[in-house]
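S.K.: Chain by chain, the residues:
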Amino acid sequence: MDFTIPENLKLMVETVRRFVKQDLEPVSQQVEEEDFIPEELVRKMRELGLFGLSIPQEYGGLDIGALGECLVYEELSKTNACFRTRIGTNNGIGSQGIVMDGTKEQKEKYLPRIASGEWTSCFALSEPEAGSDAANIQTTAELKGDHWALNGLKHFITNGDVADMAVVFAVTDRKKRARGGITAFIVEKTFPGFYVGAIERKMGMRGSHTSELIFDNCLVPKENVVGGEPNVGRGFATAMKTLDKGRLTMGACALGAAQKLLELSVGYAKQRVQFGKPIAEFQAIQFMLADMATQIYASRQMLYHAAWLRDTKGTSVIKEASMVKVYCTEMANRVADMAVQVFGGMGYMKDLPVERFYRDLRLTRIYEGTSEIQRLVIARELLKE
Amino acid sequence: MKSLVCLKQVPDTETQIKVNPEGTGIVTEGIKHIINPYDEFSVEEALRLKEKFKEGEVVILAIGPDRATESIRTALAMGADRGIHVNDPAVNTADPFAVAQALAAAAKDVQYDVIFCGHRAIDDDFCEVGAMLAEFLGLPQVTLVTKVEVAADKKSAILERDIEGGKETVEVPLPCVVTSQKGLNEPRYASLPGIMKAKKKPIDAKNAAALGVSVEAKLQSKEYSMPPERKAGKKIEGLEPPDAAKQVVQALRNEAKII
Numbered sequence: 001m002d003f004t005i006p007e008n009l010k011l012m013v014e015t016v017r018r019f020v021k022q023d024l025e026p027v028s029q030q031v032e033e034e035d036f037i038p039e040e041l042v043r044k045m046r047e048l049g050l051f052g053l054s055i056p057q058e059y060g061g062l063d064i065g066a067l068g069e070c071l072v073y074e075e076l077s078k079t080n081a082c083f084r085t086r087i088g089t090n091n092g093i094g095s096q097g098i099v100m101d102g103t104k105e106q107k108e109k110y111l112p113r114i115a116s117g118e119w120t121s122c123f124a125l126s127e128p129e130a131g132s133d134a135a136n137i138q139t140t141a142e143l144k145g146d147h148w149a150l151n152g153l154k155h156f157i158t159n160g161d162v163a164d165m166a167v168v169f170a171v172t173d174r175k176k177r178a179r180g181g182i183t184a185f186i187v188e189k190t191f192p193g194f195y196v197g198a199i200e201r202k203m204g205m206r207g208s209h210t211s212e213l214i215f216d217n218c219l220v221p222k223e224n225v226v227g228g229e230p231n232v233g234r235g236f237a238t239a240m241k242t243l244d245k246g247r248l249t250m251g252a253c254a255l256g257a258a259q260k261l262l263e264l265s266v267g268y269a270k271q272r273v274q275f276g277k278p279i280a281e282f283q284a285i286q287f288m289l290a291d292m293a294t295q296i297y298a299s300r301q302m303l304y305h306a307a308w309l310r311d312t313k314g315t316s317v318i319k320e321a322s323m324v325k326v327y328c329t330e331m332a333n334r335v336a337d338m339a340v341q342v343f344g345g346m347g348y349m350k351d352l353p354v355e356r357f358y359r360d361l362r363l364t365r366i367y368e369g370t371s372e373i374q375r376l377v378i379a380r381e382l383l384k385e
Numbered sequence: 386m387k388s389l390v391c392l393k394q395v396p397d398t399e400t401q402i403k404v405n406p407e408g409t410g411i412v413t414e415g416i417k418h419i420i421n422p423y424d425e426f427s428v429e430e431a432l433r434l435k436e437k438f439k440e441g442e443v444v445i446l447a448i449g450p451d452r453a454t455e456s457i458r459t460a461l462a463m464g465a466d467r468g469i470h471v472n473d474p475a476v477n478t479a480d481p482f483a484v485a486q487a488l489a490a491a492a493k494d495v496q497y498d499v500i501f502c503g504h505r506a507i508d509d510d511f512c513e514v515g516a517m518l519a520e521f522l523g524l525p526q527v528t529l530v531t532k533v534e535v536a537a538d539k540k541s542a543i544l545e546r547d548i549e550g551g552k553e554t555v556e557v558p559l560p561c562v563v564t565s566q567k568g569l570n571e572p573r574y575a576s577l578p579g580i581m582k583a584k585k586k587p588i589d590a591k592n593a594a595a596l597g598v599s600v601e602a603k604l605q606s607k608e609y610s611m612p613p614e615r616k617a618g619k620k621i622e623g624l625e626p627p628d629a630a631k632q633v634v635q636a637l638r639n640e641a642k643i644i
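Respectively, the protein sequence lines represent chains L and P.
Numbering of the first sequence is given in this note's numbering, commencing with residue 1 and proceeding in unit increments.
Numbering of the second sequence is given in this note's numbering, commencing with residue 386 and proceeding in unit increments.
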């Protein structure tokens, strides 16, 4: 068993580490307060190639594999979570539908722009009546000549307000729904009838916006059905495959944040003096630190292993990816809770990043498939074996 | 515009340095290594010159053990064209004189308009290699450079260098040796696409024999030691402020002997 990380991935992690330290971390508190990432930083993310991690090289991306993506995300998640989220939709849910199911023309037109970060893409599935029950979407698409007319409302769309395009899921056959009645469309923001609705007010993830997207007789050319004409009615499978693929990386984000919280906690415990000695000398604190480190270690092994399985064996890792997503995100929430406890009152204050991590991490158990959905997936895979 | 950049791999500035039990060096196990920051300025400046003249080559020359390839690769990822890695136990840990001898031998096979060196390496702080290299090659040298303007014909350059309390501007014929100082530029990151491309760029591995040089070190390091640990401070307690102040003054005068 070989756990050696290839040299080029090590160098990439080092670049991201420096970028976090020199450019992102110094402004992470400012971004939190202003709820906005300065354009200058987005430009630097483009220059570094961060928008094209998962896009095939023939379309201008890096295609660094599951392990590579996880390592980059892990490192990038050691600062304000909004930075990772900014590049997240282009690498993940906003592009993978096209990468997996798009036509050659769609790939040639959209993927190079996504990979370079010239365009931001997003994924529009969720609706007020369709969260975990994604098949219950109400947005419809009706064929009118050369165009599909989309009508409906999407919400909780990550990067919806900055997106230049969206992969949108709509019902094309009310009777069939998930069984052949949902279709995926590529919608550009300039298409008539496409509007960005309200920007949602969230518990955390400040600097990253989620918004409503409104389709009011939005006209989408026929050739913008993901995968073209034959894929009309096959959009639900595209959505599920896209979400499957993102699960490992969600684990990596949680892991990176947990690692940072551990480092912050160890540092604080050594210098915070109570009862005449550093609190690191009290067993109650030591046990929390030990639990944090142990669970992080376990998470890292399963994440890297699942990524390695996907990269080298080419095997389906549906079950493992769900295990990684549920375990790493729940682990990170426990670690965040302990970190707040180690920091005590200071852990509750906005002056330090701990409370920010605590709020931001709460979302990881919900988005891109809730913990409960992950458990359903794991059980389903288990019981069919 | 062709530049040869001499690069050294050094322990990360954030490393907690420990001396090994024998006192013959530092513990290298488990520490991270980076490009010497002054050499990173050199890489950046060489890349900018190549970009400005829209032609040329940036060659990275490094001496060190196997792990030094990682630093060469990082420089290639920043945009340099190829690397030369001199990896020979006789040279890797030798003194500045021997290192400069080896660099001069390696430089003989390379075409260049400028040789860049960091003005010092942050590990051993000798600040000697650049100057010695220029001597061995019979080239003019300009040290502590913070600005480089190469003439259009590439026959000379105007350089700005740090001097005590100000700047000196000098003109130098090319080729020459330049040692880089902080302030020269803001080095770029090794971008992720750059790292992918660097995988395919050549690194030429050489030992002393292949360079046709037998180095002769002039210095032998005798011993490494940590600075003495700071002694605990003295606390003056339980006195009224005027009395405490008197005690402090006494202590500063009689014990610390600094006033």
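Don't take each hint at face value.
When the alpha-carbon atoms are kept at most 30 Å apart in a straight line, the in silico DSS-like pairs for lysine-lysine are as follows [stated by the list, open to error]:
# : chain 1 : residue 1 : chain 2 : residue 2
1 : P       : K616      : L       : K277
2 : P       : K387      : P       : K586
3 : P       : K585      : L       : K21
4 : P       : K616      : L       : K10
5 : L       : K21       : P       : K616
6 : P       : K584      : L       : K104
Calculated directly from the structure, the hints in this document are not laboratory data.
S.K.: Take a quick look at whether K584/P and K104/L sit within 30 Å of each other, Cα to Cα.
M.R.: holds (28 Å)
S.K.: Decide if the proposed pair is consistent with the structure: K21/L and K616/P, CA atoms, cutoff 30 Å inclusive.
M.R.: violated (33 Å)
S.K.: Verify the proposed pairing of K616/P with K277/L, using a straight-line Cα cut of 30 Å.
M.R.: With a Cα-Cα distance of about 19 Å, the restraint between K616/P and K277/L holds, given a limit of 30 Å.
S.K.: Hey, K585/P versus K21/L, does the alpha-carbon distance stay inside 30 Å?
M.R.: holds (28 Å)
S.K.: Would you mind confirming whether the straight-line C-alpha gap from K387/P to K586/P stays at or under 30 Å?
M.R.: holds (17 Å)
S.K.: Under the criterion that the straight-line Cα-Cα distance not exceed 30 Å, is the pair K616/P, K10/L satisfied?
M.R.: Violated, because 41 Å separates the two Cα atoms, which is more than 30 Å.
In summary, the numbered hints that this structure violates are 4 and 5.
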